[in-house]
Amino acid sequence: MAELIRLENISKSYGDNKVLDELELTVEENEFVTLLGPSGCGKTTTLRIIGGFEMPDEGRVYFDGKDITDLPPNMRPLNTVFQNYALFPHMSVSENIAFGLKVSGKSDQYIKDKIKYALKLVNLKGFEDRRINQLSGGQQQRIAMARAIVNEPRVLLLDEPLGALDLKLRQEMQYELVRLKKELGITFIFVTHDQEEALTMSDKVVVMNNGYIQQEGTPEQIYNEPENAFVADFIGDSNIIPGKMIADKLVEVKGVQFPCIDGTDNGFKPGQRVDVVIRPEDVEIRPYGEGLFNGTITSKLFIGVHYEMLVKMEEGKFEWLLQNYDEHEVGSKIGMYVRPENIQIMHKPQNDYEKRMSLEL
Amino acid sequence: MKKTISVIYIAIIMLFLYLPIMALVVLSFNDAKSMAVFTGFSLRWYQELFQSRMLMYAVVNTFSIAIISSLIATIIGTLAVLGLSSMKKKNQDLILAANNIPMLNADIVTGISLMLCFIILHIPLGYCTILFAHITFSIPYVVLSVRPRLNRTTDRLFEAALDLGASRGYAFRKVVLPELKPGIVSGFLLAFTMSVDDFIITYFNRGAGINTISTVIYSQVKVGIRPSLFALSTIIFVIAFVALVVVNRNSDRKGVAFNL
Amino acid sequence: MANKKWASPFIIWIIAGTVIPILSIIYYGFTTRDGGFTFRNITAIFEHDHIQALGLSLGLAIASTLVCLILAIPMAMILKGSKFGKEGFMIFVFILPMWMNFLLRTMAWQVLLERAGVINSILGIFGLPPQELMNTPGAIILGMVYDFLPFMILPIYNTVSKIDDHLIEAAYDLGANKFTVYMRVILPLTVPGIVSGITMVFIPALTTFVISNMLGGGKVNLIGNIIEQEFTVNSNWYLGSGLSLVMMIFIIASMLLLNKFDKTGGQSLI
Chain B
8 MAELIRLENI
18 SKSYGDNKVL
28 DELELTVEEN
38 EFVTLLGPSG
48 CGKTTTLRII
58 GGFEMPDEGR
68 VYFDGKDITD
78 LPPNMRPLNT
88 VFQNYALFPH
98 MSVSENIAFG
108 LKVSGKSDQY
118 IKDKIKYALK
128 LVNLKGFEDR
138 RINQLSGGQQ
148 QRIAMARAIV
158 NEPRVLLLDE
168 PLGALDLKLR
178 QEMQYELVRL
188 KKELGITFIF
198 VTHDQEEALT
208 MSDKVVVMNN
218 GYIQQEGTPE
228 QIYNEPENAF
238 VADFIGDSNI
248 IPGKMIADKL
258 VEVKGVQFPC
268 IDGTDNGFKP
278 GQRVDVVIRP
288 EDVEIRPYGE
298 GLFNGTITSK
308 LFIGVHYEML
318 VKMEEGKFEW
328 LLQNYDEHEV
338 GSKIGMYVRP
348 ENIQIMHKPQ
358 NDYEKRMSLE
368 L
Chain F
2 MKKTISVIYI
12 AIIMLFLYLP
22 IMALVVLSFN
32 DAKSMAVFTG
42 FSLRWYQELF
52 QSRMLMYAVV
62 NTFSIAIISS
72 LIATIIGTLA
82 VLGLSSMKKK
92 NQDLILAANN
102 IPMLNADIVT
112 GISLMLCFII
122 LHIPLGYCTI
132 LFAHITFSIP
142 YVVLSVRPRL
152 NRTTDRLFEA
162 ALDLGASRGY
172 AFRKVVLPEL
182 KPGIVSGFLL
192 AFTMSVDDFI
202 ITYFNRGAGI
212 NTISTVIYSQ
222 VKVGIRPSLF
232 ALSTIIFVIA
242 FVALVVVNRN
252 SDRKGVAFNL
Chain P
268 MANKKWASPF
278 IIWIIAGTVI
288 PILSIIYYGF
298 TTRDGGFTFR
308 NITAIFEHDH
318 IQALGLSLGL
328 AIASTLVCLI
338 LAIPMAMILK
348 GSKFGKEGFM
358 IFVFILPMWM
368 NFLLRTMAWQ
378 VLLERAGVIN
388 SILGIFGLPP
398 QELMNTPGAI
408 ILGMVYDFLP
418 FMILPIYNTV
428 SKIDDHLIEA
438 AYDLGANKFT
448 VYMRVILPLT
458 VPGIVSGITM
468 VFIPALTTFV
478 ISNMLGGGKV
488 NLIGNIIEQE
498 FTVNSNWYLG
508 SGLSLVMMIF
518 IIASMLLLNK
528 FDKTGGQSLI
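Residue numbers (my numbering), protein chains in the order written: chain B, 8 to 368; chain F, 2 to 261; chain P, 268 to 537.
Each hint should be verified, as a subset may be incorrect.
[To be verified] Quick list of the computed label-pair ranges, beta carbon to beta carbon:
#	chain 1	residue 1	chain 2	residue 2	range
1	B	M62	F	F64	48 to 54 Å
2	B	N130	P	F446	31 to 37 Å
3	F	E180	B	G170	26 to 32 Å
4	F	P179	B	N24	28 to 34 Å
No wet-lab data here; the hints were simulated from the structure. For every residue, glycine included, the Cβ atom is placed at its ideal position computed from N, Cα and C.
For reference, chain B alone in the conformation it holds in the complex:
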């Protein structure tokens, strides 16, 4: 796939607050890219710089090879769906959708057809004459989408568009967005702080924190192979514990030795201190004494899909988070086992730079 957007060395500060620090990012054509991170990590600022609503202090923005850093937003071949929709309250639904088309001088018939097509695309046929204040949140969100896509942009920027919707509607809209993207065949750049959303919809997830990109990859890579403690902690639930490599493909955690698949081949030398990540759903329950280590269940929560349990480890001081389909009684003693391939080893932050990039554990 061709590279469509490239951000080179982007830095941006607001007063003393450095929001983005030498950020480099590439987006390829037809990708669904999600910028994911907590509040204040710089993801919205990045999106606004791509859209042209903010100027970077340093760095350039390239679109299809051309430098568009100095282009105002109304000259960029992108369209934005704003977080609070930004629908013009004094115009009807069709006037809102037609706005961009009218500006570019399209004929009345063309506009009328396009509006009909756009409304059909977002499942709001017949809404042409409604007033904005008559619409529900979900409907407003879809009109905002329609207004943007009707201009046939090559890239659609979406700034946390689903934030104000209730859970069921949000899940529906997530499917809608993916379907829309497939139908339109354009590139989506999506900003959110909801990691489930990011994993569900994206081709590529860019995890950000403190103005840096922590990790870039497919949802599977981000989830299964977090590169540092921040990503591991932000994405899904995890057990993150300090440990030490005993030998090649053998790590010791809290006095228990776990065979794993990382070792000298990927830079983990015997004796090296490391961080170990194990997902709660990867901790298998065995009868007491028959696993790698043991513990006592201290609490249990029924989540619906599974049970979530906290287990106090016997061998060393740590409370494990487990997710399991079967019910186990609070207070019972169990054994636990983790397959080698489910143990993710991460380098400990080496210097200030890396420490800044990750979560202090």
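Use these hints to put chains F and P onto chain B, whose structure you have.
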């Protein structure tokens, strides 16, 4: 480029607004009576101002009427907003529409109608009728300032206080009133400004003996302006300036007090 | 939360301060000196002098309102665009003249415009002849604009500052240039403020007699002057009331017409 045009535009408007006032300030220190020639620096007009019984009484009247009428208007207006919130929407709308009438009526109509009303009821015109009139036209502004502050959030806060065990009176004093305070303050200031500035309504309702600053100036128009009025203007300008600085300091950084 | 009886002083005041006075003026408007009923006080508006005065008042009021509008709209936009600290200062600058007495401000222009006044003396320094600046309709428009301009700027600025910045960004995002963004997004959303501003300028301008007396030297007769004279000079309160009633109806009609443009219900007065 655009910035320079903006700056020039602002400068021109500011010049327009302040040139006349500055002329008055300068002339207040003029030794001669003339408005055309500046003969020398003198404080004689300030002296004449403070020695003029009529002017001093007018000043006292103006500000006492302003303070009293604003206070009463603020109390009545705030009580009105609170009482209104317990009424049915239809009644609320009706009363609020009636509230708007004094604001939309031309001063001359309000002034004349009040005067005729007093005359019909054989109420002698004087300080009290002026006071009554000022309260009448101030209340709508207080209502409009306070009302937006009484919204669903304030209701929730009141309920939260009750939930925590507070009595209705305590909850009202400690939770609702502080919420209303910015509206009450800006309503009071608005009423005060309207009262100090008023001429037409005071003119018709004052009877023969009472003067406010506005009516004194008007009566001197025909006779010929004495520069002691320039001294008065300068002093009022300085007071207004100081007052505005104080109000500005005490309000939000966002300049909330200026949502007049 | 509160007892609805709390609003009773207010209601009493409305009745005593607004309803009864209006009934009083209606009474006088339809009565003669001998106590009989008549329409003459109302139809008097059509007499030549009165119509002329009304026409002049309308012309001057409309002119002043337009000038205020033309000056205020760019001002509000500039204020909106400026940074926060500056913004507080700017509002300060416009409110300050409002806190100075209205008559003092009008008097200030008298001082400038008079034959022996400041402007003419400055002209004299440059060897130019003194101009007859007072007692002209121009002087009155100048006085009206000077007195009422802040009342136009503030509501418009209030409305403009509340416009969601995202709306403007969305308009740019959809390809509009500055002009289109202003005409199709900002201006329509400013209309409630404009309506407020016009209300606060047109009504006083139409009915003033002070400005025409101070800057018009008694030579310019507006409808406000005529009404005032009926009360003070002629002691014909009946005619004065009748004419006032006509003005009241006139203003109500204008406001209703104006409110057709303001779909928000006029809550932007404050």
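Hints, one by one, checked against the model:
Judged by the Cβ atoms, the range 48 to 54 Å given for M62 of chain B and F64 of chain F holds: they are separated by roughly 52 Å. The hinted window of 31 to 37 Å between N130 of chain B and F446 of chain P holds, with their beta carbons roughly 35 Å apart. Judged by the Cβ atoms, the range 26 to 32 Å given for E180 of chain F and G170 of chain B holds: they are separated by roughly 28 Å. Checking the proposed 28 to 34 Å range against P179 of chain F and N24 of chain B shows it holds: the Cβ atoms sit about 32 Å from each other.
In this structure, none of the earlier numbered hints is contradicted; all agree with it.
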